[in-house]
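Go ahead and model the full structure; you've got the sequences and the hints to work with.
Sequence lines, in order, name chains A and B.
Everything in the first sequence is counted per our numbering, starting at 1 for the first residue and increasing by one.
Everything in the second sequence is counted per our numbering, starting at 1 for the first residue and increasing by one.
Worth flagging that the hints you see were computed from the coordinates, not collected in a lab.
From the three backbone atoms N, C-alpha and C, an ideal C-beta is built for every residue, glycine too.
A few of these clues could be false.
[Unchecked claim] Label-pair ranges, simulated between beta-carbon atoms:
(1) B:Lys30 - A:Ser41: 22 to 28 Å
(2) B:Ala199 - A:His73: 35 to 41 Å
(3) B:Ala202 - A:Ile59: 37 to 43 Å
(4) B:Lys131 - A:Pro25: 30 to 36 Å
(5) A:Leu19 - B:Ser39: 45 to 51 Å
(6) A:Lys9 - B:Lys131: 39 to 45 Å
[What the hints assert, rightly or not] Which chain A residues face chain B? A few, computed with CB under 10 Å, are given here:
(7) Arg46
(8) Leu52
(9) Ala123
(10) Asn142
One-letter residues, chain by chain:
There are 2 protein chains.
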Amino acid sequence: MKSESMALKAYTELRRKILTIQVSPGTRLKEDFWAKKLSVSRMSIREALTRLLGEGLVILGPKGGYFVTSFTHEDFTQIRELREILELGALRAACEKITKEQVAKLEKICEAFTSMIEQGFFAGANEADLKFHETLMECSGNKKLLNTYLNSHIPLFHQQLTKSTHTDNDYEQTDKEHRAILNALKDKNIDLAKKNMQAHFARGATLQTID
Amino acid sequence: MKSESMALKAYTELRRKILTIQVSPGTRLKEDFWAKKLSVSRMSIREALTRLLGEGLVILGPKGGYFVTSFTHEDFTQIRELREILELGALRAACEKITKEQVAKLEKICEAFTSMIEQGFFAGANEADLKFHETLMECSGNKKLLNTYLNSHIPLFHQQLTKSTHTDNDYEQTDKEHRAILNALKDKNIDLAKKNMQAHFARGATLQTID
DNA sequence: TTGTTCATTTTTGTATCCAGAATTTTACCT
DNA sequence: AGGTAAAATTCTGGATACAAAAATGAACAA
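So this is what it looks like as C-alpha cells:
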C-alpha cells in the first residue's frame, strides 16, 4: 500500500531528519544522494526541499544548492525572545479558556517528566519538556498561534539547546518550574503564571552559554 | 539580463498575486494555466507552488491540486490575536533599543499617511498603515520576530480587512492612534505605548464585522 | 612546492514525456 | 426530460533527458 505520495514521503523523512539533527546544520543536501538514500526520484527530493525552503528549514546557497539552515548565536537569542513572547501570549489566552481535560493533560506530562528524571531517562525528559510547552500553546485555543510556534524552529532550537550539559539539578528545577506555571494556570492567576514563566525563561537563558 | 531563475520568477509573481488578492482565496491554481500565463515551464510553476505550500499560502486539495489558502471567520480572529501578541512583544523590545533614525522613519510614514488621507488616496493610506506596523516590528531589532510577523499572513489579512468600508473618520482615528503609539515609544514609555497599541487593536476589532 | 589553467565530472535547473487519476462531456436508456 | 454509464479530455504526480553551471582534480609552469 503506497497511499503516500513519493514527494510527501521524501518531505516527511527529510524534515524529521533535519528537526532531530540527524543531518547537521549547514550541510549541503545533494539531490541525487538523498534520492538514492530514500529511494525516490530526484524530482521528489527537489519537491521536498523546495517545500522545506518555504518553511525556512533549508536555504538556498548563493550559487544554488540546498543547505540545512543553521543558527548563529544571535539567532538563538532572538528565537528565545520570540519564544518568550509567544508563550506568554499563549499563557494569557490559556488562562481564560483552559479546560479541565487540558489541565489533566499537562499534569500527566509533568508526572511523566518527574518519573523520567528519577529513572535517568534524560532524552525522554527533554521530549516531555518540549511537549509541555507545545501543549501549553495548544491550550491557548489559537491554532494560528500554535502554528506559528511550531514553525518558528523552536523544536530545532530546543533540540540544539539540550545538547549542552545539564545537571540533574537543572532537570529538577525545570520540573518545579513547570509545575509552578501549571498551578498558577489552574488557579487562573495570570500574573503569577506569567511571572513563573518568565523565571523559567530567565533561568533557561543562563544555560545558553554554549556555542 | 535574466539572472533570475524561472522558478524564482514564478514564485515571486504567484506570491505577489496571492498576497494582493489578485487571485482570490479558494481558487484552484492549475499548473498548465499559470505556466502559460507566466510563460515558464510547468515544473517552475510546480516548484513555486510547492514553496508556497511550505509557507502556507496555498494548500493541497484532498484529491490533489493546489488551492489558494482562504480564511474563515475564526482564522481572522486568531490572526488578530496573534498579531496583537507579536506587535506588543515587538513594542516592548523596540522601547529599549529604538534609534533616532527609526523614530524619524516612523514619523515620516505617519506624515505620508496624513497627507494621503487628506488627498483621498485611501489605497495609499492602507499601504502606509501596513508599512507603519512592519516598521515597528523592524524596530524590535529581532529578525526572527519580524520574519514570523511577515510569515503570519498578516499582509493578506490586512488587505482583506481593508476591503471593508472605512469612513474618513476611521482613517483619521488610525492616524491619531499611530502617532500616539509613536510618541509613547519616543518617550520610552512602554506602558503607555502598550496601552495605545491595545486601544488601536480594540478599535480595529470592531470594524471586523464583515464576512 | 606552489599556483594556475584547462579538462573532467558532478550537480543543478529546466523541459519534455508518460501513466494514472479526476473531471467533464457525451450518448444512451428509461 | 432526467439520470446513468461510458468515453474523452484534462490535470497531476512522477520519471527521464539534457544543457548549463559549478566543483574537482590533473597537468604544467614558475
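Results for each hint:
no. : hint                           : result
1   : B:Lys30 - A:Ser41: 22 to 28 Å  : holds, 23 Å
2   : B:Ala199 - A:His73: 35 to 41 Å : holds, 37 Å
3   : B:Ala202 - A:Ile59: 37 to 43 Å : holds, 39 Å
4   : B:Lys131 - A:Pro25: 30 to 36 Å : holds, 34 Å
5   : A:Leu19 - B:Ser39: 45 to 51 Å  : violated, 38 Å
6   : A:Lys9 - B:Lys131: 39 to 45 Å  : holds, 42 Å
7   : Arg46                          : holds, 7 Å
8   : Leu52                          : holds, 6 Å
9   : Ala123                         : violated, 26 Å
10  : Asn142                         : holds, 5 Å
The structure does not agree with the numbered hints 5 and 9 stated previously, though it agrees with the rest.
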